[in-house]
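Respectively, the protein sequence lines represent chains A and B.
Start counting the first sequence at 10; every next residue gets the next number (this note's numbering).
Start counting the second sequence at 608; every next residue gets the next number (this note's numbering).
I should point out that these hints are in silico values taken from the structure, not numbers from a laboratory.
Quantities reported herein were computed from a predicted structural model and do not represent experimental measurements.
The C-beta atom is built at its ideal place from N, Cα and C for all residues, glycine as well.
Hints should not be assumed to be uniformly reliable.
[Said to hold, decoys possible] If we take Cβ atoms under 8 Å as the criterion, some of the chain B residues that face chain A in the derived model are:
{"no.": "1", "residue": "Ile616"}
{"no.": "2", "residue": "Pro692"}
{"no.": "3", "residue": "Glu696"}
{"no.": "4", "residue": "Thr697"}
{"no.": "5", "residue": "Pro700"}
[Unchecked claim] Beyond 10 Å from chain B on every Cβ pair, some chain A residues (computed):
{"no.": "6", "residue": "Glu36"}
{"no.": "7", "residue": "Glu40"}
{"no.": "8", "residue": "Ile46"}
{"no.": "9", "residue": "Arg67"}
{"no.": "10", "residue": "Gly96"}
{"no.": "11", "residue": "Asn105"}
{"no.": "12", "residue": "Leu106"}
{"no.": "13", "residue": "Ile111"}
{"no.": "14", "residue": "Ser120"}
{"no.": "15", "residue": "Gly141"}
{"no.": "16", "residue": "Leu218"}
{"no.": "17", "residue": "Glu223"}
{"no.": "18", "residue": "His290"}
{"no.": "19", "residue": "Gly313"}
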Amino acid sequence: MTALGKDLVGLEHLSPDQIRLILDTAEPFKEVSERPIKKVPALRGKTIVNLFFEASTRTRISFEFAEKRLSADTVNVAASGSAVQKGETLVDTAKNLEAMRIDMVVIRHPSSGAALFLGDRIRSNVVNAGDGKHEHPTQALLDLLTIRDKHGKIAGLKVCLVGDIQHSRVARSNIWGLLKLGAEVGVCGPDTLMPRGIEELGVCRFRRLEEAIEWADVLNVLRLQLERMEKGFIPSLREYYRVFGVTAERLDKAPRELTIMHPGPMNRGVEIDSRVADGTHSVILAQVTNGVAVRMAVLYLLAGGRPELADAAKGPAGGAAE
Amino acid sequence: MSRPERTTILDARALSRALQRMAVEVLELSHGTDDLVLIGIQRRGVELAERISRLIEKDEGVAVPRGALDITLYRDDLETVGPKPVIGETRIPGDLAGKHVVIVDDVLYTGRTVRAALDELADFGRPKRISLCVLVDRGGRELPIQPDVVGKQVKVDRGERVDVLVQELDGRDEVELVHGGLK
């Protein structure tokens, strides 16, 4: 078994050491993307399937870059236009792919628990790229890495997640990851988009954005899914922006400079003001850059490092690379 | 598990003399410092490259560009690298095209590390020449790779290990032969 186990389903069940291992492993991978030839042969010969049952641009492309820069062979399967539409079950789809001798599956699925369900049923490594309202571990890992880059640490920082906490897998993964690494976590958003009992996770609840801004070192502004309005969670987008929009005027009143994050895609003028998104304290594009490095680290760690093989290969002469 | 036995191959003074001689041989090999670039392999090779470049600087008054190479991602045995692989820094000083690159490592054994280093360097450009400089050649090659500059040649059996200790990382300069016991 690797240092992370067979699959990466979420951060809830990872130890602080395992999370730190991923972040530390991501560091050298940042440099790989700056090389003239942005590629290392670490996963040569591995086949990875990106199984996306939900629309995604950034995450899918980021995973694909990560896979290609590790020299893995990749195949993209989207739900539309595949056998899924003809009624095939998730397990059948995956087993058929496995019959073609694949090594890993990166899955995005609208149902919470899909990644865990799949991981228990196939031999290949499974990486969760977002399952329903459950978790989006690589997003939280890249957020953690970006915070660590900017502040030099995570422990002791105050990080507030703003917006739709109720439906957000990004929020859930961030809460687990931040708490495990010793940050203080706040949440702020309308009551209708706040899960009941959220305080029980050990986070502080802010009802007004102004209070969150006064408290926090970092604001992670979540995307407001526009269909929330149609379903009656918020009265209107303008109303939301007026009360919960992260604007330059609001940030001007902050006692210190806040780092601004957003997992994308942004709705400018809904949850975030353009002047904030493009401002000097925004690390939104650094998050995207770090996403590739973090995903390379996760794939690399899941693919390699089986100690029982290492011991067998070492033999009496020590490691293979003297 | 028996206690490992340690025999000194090079003490601090012998190590220093070996490096001095290696620095001279590197200069002869490259006909001066004009296109010379020293690249140390993580981790001890980086320290040794640093030492050799300081010796060259003392003699020639020229700071030789030097870099570091971590070959972990180019190894041919990913599945056996252990559960917590540590990947060190890779730092290449500028464009390698037209340069004479000297790879510096502590111990040359199977040749697999050097094979990986050659592959990795090729992805950074096309040096006009690549040479290999090692502190200890212990024999036992599994690939057709030979060093150009050697500090010390030792015949070491399969069950034995050569440990290079450097001040910067280990608190003292010494090369030891370790036999018996496990790491």
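May I ask which of the numbered hints given earlier this structure violates, with the numbers listed in increasing order?
-> Failing hints, ascending: 1, 5, 6, 7, 8 and 19.
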